[in-house]
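Asks: Can you make the complete structure from the sequences, with help from the hints?
2 protein chains.
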Amino acid sequence: MNVALLGYGRIGQAVVALAARPDVRACLRRARVDVRWVSALVRDLDRPRTGPPVPLTTIASGTVDADVVVELLGGAEPARSLVQAALRARVPVVTANKTLVARHGAELRALAARQRTAFVYEAAVLAGVPFLGSLARRPVIASARRFTGILNGTSHFVTTAVERGATLAGALDRARTLGYAEPDSTADTSGRDAAEKLAILLHAGGCEHAAPDDFPRLPLDVLNHDLISGARRLGGTIKPVVVADLDLPHAGAWVGPAFVPTDHPLAHLDGVTNVLQLTTIAGGVVTFTGPGAGPDATALTVIDDVIEAATGRGGPRASCGFSGARTDVTRALRTPPTAGWLLEIRHERERDPRAVARQLSAISVPPLQICAHAGAVLARTIPAPWKVVEHALQAFRAQGSTVVALPCLV
Amino acid sequence: MNVALLGYGRIGQAVVALAARPDVRACLRRARVDVRWVSALVRDLDRPRTGPPVPLTTIASGTVDADVVVELLGGAEPARSLVQAALRARVPVVTANKTLVARHGAELRALAARQRTAFVYEAAVLAGVPFLGSLARRPVIASARRFTGILNGTSHFVTTAVERGATLAGALDRARTLGYAEPDSTADTSGRDAAEKLAILLHAGGCEHAAPDDFPRLPLDVLNHDLISGARRLGGTIKPVVVADLDLPHAGAWVGPAFVPTDHPLAHLDGVTNVLQLTTIAGGVVTFTGPGAGPDATALTVIDDVIEAATGRGGPRASCGFSGARTDVTRALRTPPTAGWLLEIRHERERDPRAVARQLSAISVPPLQICAHAGAVLARTIPAPWKVVEHALQAFRAQGSTVVALPCLV
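Protein chains in written order, with this note's numbering: chain A, 74 to 483; chain B, 74 to 483.
Source of the hints: derived by calculation from the structure; they are not laboratory data.
These numbers come from a predicted model, not from an experiment.
Ideal Cβ placement from N, Cα and C applies to all residues, glycine included.
Be aware that one or more of the hints could be misleading.
Covered stretches of chain B (chain A as the covering partner; in silico rule of three or more C-beta atoms under 8 angstroms from a C-beta of chain A) [stated by the list, open to error]:
(1) 89-100
(2) 200-207
(3) 347-357
(4) 365-372
Replies: Right under this line is the structure:
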């Protein structure tokens with residue numbers, strides 16, 4: 074089984090190293106998959122690499138002769154063109170590239186289906202936890218009523234550090250030192266990475282045209298210790314989440330910090346753990362938890378993907394679920410969901426929480442809780458549609474206040 | 074697609090009712106699976122049933138003509154013979170019957186593989202959470218180093234109720250009233266149900282000959298409020314768990330109550346939630362959480378199984394993982410694992426904890442914590458192999474004490 078790697082960075086080297094372990098070799102042998110790493114496409118042949126030696130190349134043409142292609146380049150191009158070329162040649166493709174799958178998954182799945190070959194990407198979301206294959210094969214559970222999750226480990230680590238007293242910049246520096254964040258962490262802090270993962274989930278759930286750039290996104294910049302300690306006073310904490318509520322008329326999406334009540338399962342996780350909660354059409358909540366990134370966890374998943382692709386078990390994956398009905402839902406995901414809201418209202422001259430409460434009540438978002446905290450007023454409102462909340466934010470901003478609004482998970 | 078049901082009790086009726094919902098019908102249509110419930114095998118035609126009408130029969134012969142058979146009888150026979158007959162006729166089989174899969178899974182998987190037909194049982198463990206199919210297809214993650222879980226909802230509900238002050242008998246009565254427990258709850262309280270589920274996991278993990286009756290099992294009868302409040306004093310709680318530690322030389326298994334430290338993820342769950350933690354060979358911990366039983370959650374999984382079986386995606390499932398090496402591991406699962414232990418030592422005449430501590434130290438299981446609680450001495454020991462713990466238990470019993478030993482999760 075000739076496997077061609079596209080990219081030989083941290084993940085690629087971890088894949089080859091893990092596959093050489095005796096216990097993993099026993100798995101491969103038993104699955105009758107005898108892997109030979111025939112080539113790794115790289116940009117720079119001379120960059121120092123500590124992983125096992127693999128024939129390196131800067132020429133991409135060899136991929137169509139391989140038995141399986143493993144794409145670990147990241148980003149849309151040249152990954153997309155190379156994956157297309159492989160699939161056109163009926164070579165099964167494994168990828169861990171969420172940008173590729175989020176932005177071009179529909180087209181690549183369709184191509185793979187036409188060519189009757191495998192296009193497998195279990196590591197694209199919750200890299201260490203196999204569940205996307207289940208959703209692809211099982212349309213009833215995939216037709217979720219709601220997805221809620223923490224899908225970006227860097228943001229989660231940073232939020233936990235800020236909760237413990239660090240500044241945002243200090244926490245990001247520490248994440249870089251520990252190898253959790255890239256030198257440029259914009260994809261993490263802006264929510265782009267989490268939005269791409271949410272799009273992949275939604276495609277599996279039948280919202281075929283959900284696009285990562287369409288979801289409402291609040292960057293991590295709003296985070297500071299005062300906001301989190303204030304959330305504690307109101308009985309919760311702040312977590313960097315994704316939410317997609319797929320039940321009309323409440324439907325909506327959110328990518329960014331949110332208020333999580335202490336009794337919510339997401340409140341108890343920390344560090345770099347990733348988690349996905351799926352609410353089924355029967356009303357049950359199914360939760361997948363585990364490492365969301367990291368070379369070893371990702372490598373393990375990639376090797377299992379190679380086995381699925383090589384043994385024909387990775388079969389073509391269609392998105393499934395409610396075909397017609399979900400077009401309206403997809404449109405609704407451009408707006409935040411109907412939810413309770415945590416409002417942080419900050420005014421030059423400190424304001425009386427009771428006056429703020431009266432104003433909120435007058436504009437149809439009465440607070441359930443309200444307090445003065447660290448020079449701001451913090452309020453937790455009743456559930457309200459985004460239109461009403463937006464109107465309230467405008468009213469406060471017109472008075473010269475700065476306002477941050479975070480949805481409250483239930 | 075003619076589907077024959079074997080059994081038409083609560084689960085069967087929930088399956089047919091759920092499949093009739095417009096949203097589920099849309100899923101089935103999209104997957105090109107047009108289900109017709111052609112028959113349901115029952116013992117008693119006249120028993121009152123509230124579910125949708127399905128042609129009932131007491132004669133089993135029709136199953137070999139169906140396109141898919143859904144077995145929901147429970148128990149080993151006649152389920153085993155009927156499933157064998159269907160597979161021999163190359164009819165794909167879906168089952169939610171953990172007794173059948175735990176005790177005859179190897180033989181039925183082999184038969185299905187020979188006949189190139191599907192034998193699918195996603196609802197047998199964590200009924201509402203799809204993950205067994207992933208383990209069956211993905212040998213590297215399936216080759217776990219450890220499984221830890223709460224796999225029996227009834228025991229979990231009862232333990233939570235006892236923690237809140239109920240008696241064991243009172244909690245069981247309440248579980249029956251709420252429909253969580255059968256009139257005869259022996260399978261739940263004895264650990265038999267959880268042991269069967271653990272066996273299914275271990276088969277997926279390459280321990281093909283793990284047998285549910287071989288695991289060390291402690292029935293729920295040892296539970297009482299004093300034990301749990303004592304555990305609280307030592308920084309944890311009691312949960313009804315399964316553990317299989319597959320790393321020699323520490324390997325071992327446990328089915329029954331265990332001490333769970335407060336900072337352990339399993340300590341935060343309650344009610345009837347089920348959970349499985351899988352430690353991978355790369356050291357990561359992957360967790361699956363969700364409803365472990367209940368007609369609706371199980372029915373949803375069964376319908377997805379029917380789709381997998383009908384579309385050929387359910388393919389034959391081999392157990393995978395370390396073939397040779399795991400024979401020794403399987404043997405080790407007849408003994409509890411090396412672990413820290415919570416000991417409750419009760420003596421007619423109340424004993425001084427310091428004296429007990431000295432005695433424990435003298436027999437190589439020094440306590441990390443010890444206290445007098447509700448007329449007993451409670452100790453949490455250092456990690457020790459079962460042989461040493463067993464010797465300690467014998468020493469205390471020889472002095473006329475009654476001793477309960479529970480492993481401590483880490």
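Asks: Going through the earlier hints one by one, which of them does the structure break, listed in rising order?
Replies: none
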